[in-house]
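A.B. asks: Put together the whole structure using the sequences plus the hints.
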Amino acid sequence: MSTERSNEAWLNDLNADGPTRDNALRDLLAWLERRLFFYLRERSDLNRLNEDEIKQMAADFAQESALIILEKKGQFQGRSRFTTWAAKIAVHQALGELRRARWRDLSLDELTAEGAFEPHFLSQGMQPTPETQAVQNAVIATVMEVMQHELSERQQQALYARLVLGVPIDMLAEQMNSNPNALYKLIHDARKRLKHRLIERGLSPEDVLATFKD
Amino acid sequence: MSNHPTSVRQTGSSPLERLLHILALTEERELTCEEVSQLTDYYAELEQAGESVQQLFPGVTQHLRICPECAEEYRALRRVIGMNGDA
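Residue numbers (our numbering), protein chains in the order written: chain A, 1 to 214; chain B, 1 to 87.
Be aware that one or more of the hints could be misleading.
What the hints assert, rightly or not - Computed footprint of chain A on chain B; a stretch qualifies when at least three of its residues, placed anywhere within it, have a C-beta under 8 Å from a C-beta of chain A:
{"no.": "1", "segment": "25-37"}
{"no.": "2", "segment": "54-61"}
{"no.": "3", "segment": "65-79"}
If you are wondering where the hints come from, they were derived from the structure by calculation, not from laboratory data.
Heads up, the beta-carbon is just placed ideally off N, CA and C, and yes, glycines get one too.
C.D. replies: What follows is the structure in structure tokens.
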């Protein structure tokens, strides 16, 4: 097995016909499979699986990734090693599938049925002192005011799903009939609005956090 | 010891503190997940070579601090290319 090819050699070999291409693809698959196996074996959420199952999972992810890599190889710009670029695609594919498996029963309507952002969600786990209670109340009041009067229902729902429930952005995008980029921008606009309002009221997030830590 | 970014989700704090962390990190202009994904292979190799990626690509570093999924994928990429272990 050889992964010592230059970037140019990888592209030439994968673009070739016959045994040259087959060998390059075999090398790429073996490299990805081995690296993914080492990574997956360390994941605590997969420790219920035995070594053979992890090997199979790594092989499946490598196979799926190789197809994508072959399809996208024309987009490789040569800024990194070809194998690093390929690993990036494989990791995205593998982790995307793991996220989908973890969140496959996600129903955003169900999860947010209780009415999205509420002050008690925000203050969960907080142990304010008499000194920080007033600051905490002022922050929560500002956040709730912006949520209710300045953010759209979709922004509120997206922020709640991301922040309180921890829903991955790709899964959330599917649920909200959007795409991760559009959703990122929607949430970014909401974050900017919240930050501006807090700063206007003398509640800069950095300062408030410092107050909580004191 | 690596200085790669730790995302907000990892802090284990309350929702209010997480929100404040996210807002503290929020910039007027940010890269999207897709834009960051275009650069992470290059970013990882530069980091591996000891370059100051946080100065070279502040937008990528900021995104990796604020986006748990991209941060997780970046950590995995580092492991897969053998940046901090035996892979």
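A.B. asks: Determine for every hint whether it applies to the structure shown.
C.D. replies: Going through the hints against the structure:
| no. | hint | in the structure |
| --- | --- | --- |
| 1 | 25-37 | holds (count 7) |
| 2 | 54-61 | violated (count 0) |
| 3 | 65-79 | holds (count 8) |
When held up to the earlier numbered hints, the structure conflicts with hint 2 and nothing else.
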